[in-house]
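Visitor: Residue-level listing of the chains:
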Amino acid sequence: MPHQNTKDISLSITTFIIISIIKSLAVVSVLLTAVAYSVWLERKVSARIQNRWGPTRVGPFGLLQPLADGAKFIFKEDLTQPHVYKPLYIAAPIIALVFAITSISVIPFGNWVTVGPWGTYLQITDVNIGLLVVLGITSMGVYGIALAGWSSNNKYSLLGGLRASAQMVSYEVSLGLSLVGVLIMAGSLSLRDIVDAQGGVFWGFIPRWNIFHGQTIAFFIYLISAYAETNRTPFDLPEAESELVAGYHTEYSAMKFAMFFMAEYANMVTVACLATLLFLGGWHGPIFGPPILQALMPVFWFCLKVFFFIFLYVWVRWTLPRFRYDQLMAFGWKVLLPLAVANVLVTALIVAWRA
Amino acid sequence: MFHLILFLFFGAICVAGAVNLLVQSHPINSALSLIAVMASLAAEYLLLGAEFVAAVQVIVYAGAIMVLFVITIMLLNAGKEERTKGSRVAILIGVPGVLIGGVLVAWTLLHRSDMQSVPIGALRGDPRAIARLLFHQFLLPFEVTSVLILIAIMGAVVLASPPGAVARGPRKDEG
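These protein sequences, in sequence, are chains A and B. Going by our numbering, the residue at position 275 of the first sequence is 255; the numbering climbs one at a time, nothing skipped. Throughout, our numbering is defined as the position within the second sequence, counted from one, plus 36.
Since the hints were made in silico from the structure, they are not lab data. Model, not experiment: these values are computed from the prediction. Glycine is no exception: its CB is placed at the ideal position from the N, C-alpha and C atoms. Wrong hints could be hidden among the right ones.
To be verified - A few chain A residues facing chain B, derived, Cβ under 7 Å: (1) Ile54; (2) Ile164; (3) Met165.
Unchecked claim - Here are some chain B residues the structure puts well away from chain A; computed CB gaps all over 10 Å: (4) Ile127; (5) Arg148; (6) His172.
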């Protein structure tokens, strides 16, 4: 079983279940809101980059645009082509979305909080192998895309699905290896322990985050592989519209298409959360002010760092052109992988030498 | 109690997936059933307290190896397999063989006196304990296995390369 916190065991089973349900509902609704507003952010920022306005009509600054989009997706006709393999065609978007949302379950957002007589960590569940759980769940998400491509029975979809699965499997290797350095430094697989190991500062002003603590190269390897894992530009070959129509979701419309869309943005949020936790010190940041503010500051810092990553995603998308497929594979296997292995070796040697 | 119910539930999914793997005629359905088997096995490991093994089971088998299976099936665009009646030898020898084997295993498990049942979740399988075992007690077998895998990879490269390519060495016109 996932290891229980000593603080959690003291709760009765009913209280535990109620608190867990409240936490799950809160986290999932925050995640879905974040997904909706990342889409809005993407449209706004891309518009500014191209000297346009972006959505402005629905609500102030177009802030209600995600709601309008949602209503549109629900009421559009849900076309199912006669030539698809129906069971998997319907299951594929569900698989993609379910795994994208589940992976948020072990992400910690902040410290221990106490509300009246009850206290809890700001996290759905604290597992001592949290990082592996996230990696495992995200590695299952590839089936959604692969099966969508295959079951659509369309050559563009199939090519998109094949590209996506090959790319995700390849970049998962360097993504996993880039995390090993962090794990060696923290000596734990629990995301909470990894964040706790990054508290404090060097020389009074540089935070002891892993990115400033010898894992700078690992951070950039992680960042690049994460872009490839989430199929974002410059690695968005699975849906390269100039070659493949729309890639694996060519045959999908209405809510089924929206589910792939939501899964992609949910994955972006998860990847940004992981980057924050592993390299940017999680919820660590300057804390001051009255007690209520001190309780909320860690969550604020965490959200700010995640927002930075999502903004970076959008910024990169409208800055860099797409790779060619052989370049993508060569870069992944011949550049990122050796770099990641070298980083693991050097980190391990330095840690062993200091010990 | 709750653990036992969950354990039996995932056990049932595991067996159902394995049976479905054999019954399905389309390779992609069989591959998906195999994924269900792997995932429910991971849940069983988790319930037994071996969380690290559970996570590795999902990452390696369900997340990496089965993806390659699915890619292969997609690439070959394998269609439905043809139904055959099955060989008579398989029915005559296989079915009694399975029955005898099952009875033997059950009988041994029930009648050995030096075996005792372990409560669910009693064994600790955290990464530290497994790392100690792998890198202290079983270091040599562990390293030898990695060489074995390397040999398998080299064999695959040799088999997949066009005839004569291995003897000639790497092509000059590439990369």
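Visitor: Now tell me if each hint is right for this structure.
Guide: Here is what the structure says about each hint:
{"no.": "1", "hint": "Ile54", "verdict": "violated (29 Å)"}
{"no.": "2", "hint": "Ile164", "verdict": "violated (12 Å)"}
{"no.": "3", "hint": "Met165", "verdict": "violated (15 Å)"}
{"no.": "4", "hint": "Ile127", "verdict": "holds (31 Å)"}
{"no.": "5", "hint": "Arg148", "verdict": "holds (28 Å)"}
{"no.": "6", "hint": "His172", "verdict": "holds (16 Å)"}
Hints 1, 2 and 3 from the list above are not met by this structure, while the remaining hints are.
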